[in-house]
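Q: Okay, so the sequence shown: first residue is 1 according to the working numbering, each after it adds one.
Derived by calculation from the structure, the hints in this document are not laboratory data. Fair warning: this is a prediction, and the values are worked out from it, not measured in the lab. Keep in mind that the hints are not guaranteed to be accurate.
To be verified - In silico DSSO-like links for lysine-lysine, alpha-carbon gap of 30 Å or less:
| hint | residue 1 | residue 2 |
| --- | --- | --- |
| 1 | K138 | K170 |
| 2 | K202 | K170 |
| 3 | K278 | K250 |
| 4 | K250 | K260 |
| 5 | K138 | K202 |
| 6 | K202 | K278 |
| 7 | K250 | K274 |
| 8 | K202 | K109 |
| 9 | K202 | K213 |
| 10 | K213 | K104 |
| 11 | K248 | K104 |
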Amino acid sequence: MLTRREFVAISSAALPALRSASLWAKTEFPIGVQLYTVRALAEKDLPSVLREIHAIGYQQVELIPLAYTRPAGELRQLIADCGLSAPSGHFNYADLSQKFSYAKELGLKWMICPAIPQELWSSDGFHEVAHKFNDWGKQARDMGMGLGFHNHDYEFAQLNGTTGLDILMKQTNPEFVSFELDCYWVAQAGRDPLQQLRQMGKRVRLLHLKDRKPGFPPSYDMTASSAHFTEVGHGTLNWREIISEAEKLKVEYYFVEQDKTDGPPLESIRTSYKYLRKLLG
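Please work from the sequences and hints to get the whole structure.
A: See the structure below:
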């Protein structure tokens, strides 16, 4: 039997590890990765990429259309066999309305529209989109899923005293339409992601984690000149405060994404993952 002194010594030695583990459990932070980051590799060999993602430590993936060439049941089983889950998927605006049954069979909780066509980047266009989102959002809810919209920078351009994002926020029904806030693109538009998150509140149900290099001007056109991406924790965004606010709002899912990487994409998502584990641990 351990003496009290021995028990205290052992407990004290184990305390840092226990504290780290308990903080990680307390945050309930489900780290996922958006497949767009590794799209070139996934297109060649999706099973291998999914296994690599799991080996890094990620728990979840957010799907993109290149994965939808497989039958929904087959894709769902492949993801599970690789030790992952897929709570969310991106669906192109043009064919999203045709994908509800497929998304349901995949077991998705969220269908996300990643962008709208450039010809709709006007006040009238955003009002048209809002109307469609309300219809699609109700259909998604009736099937046990949610509908969300993922921003870039163009939604923050001024449109007669308002912005596209403001129109979508005001003209969509909160019961049917939510948002996946991309922190990089908020910053690229010259906004503070933390303040944007506070402003949008619980309309934000998913969060994209990608960082931004310093020293570049804002933009509103999503062109190549807007691409100043870097790994999470290696840029200018205050992730501790952003994630803390997201947790207060009970954001459901967090996905690391980097549209372009300076090095191998798998190494990029590994670097971001290591930073997030350190931040939360």
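Q: Now tell me if each hint is right for this structure.
A: Here is what the structure says about each hint:
no. : hint         : verdict
1   : K138 to K170 : holds (16 Å)
2   : K202 to K170 : holds (14 Å)
3   : K278 to K250 : holds (21 Å)
4   : K250 to K260 : holds (29 Å)
5   : K138 to K202 : holds (18 Å)
6   : K202 to K278 : holds (27 Å)
7   : K250 to K274 : holds (23 Å)
8   : K202 to K109 : holds (17 Å)
9   : K202 to K213 : holds (28 Å)
10  : K213 to K104 : violated (38 Å)
11  : K248 to K104 : holds (29 Å)
Taken one by one, the earlier hints fail for this structure only at number 10.
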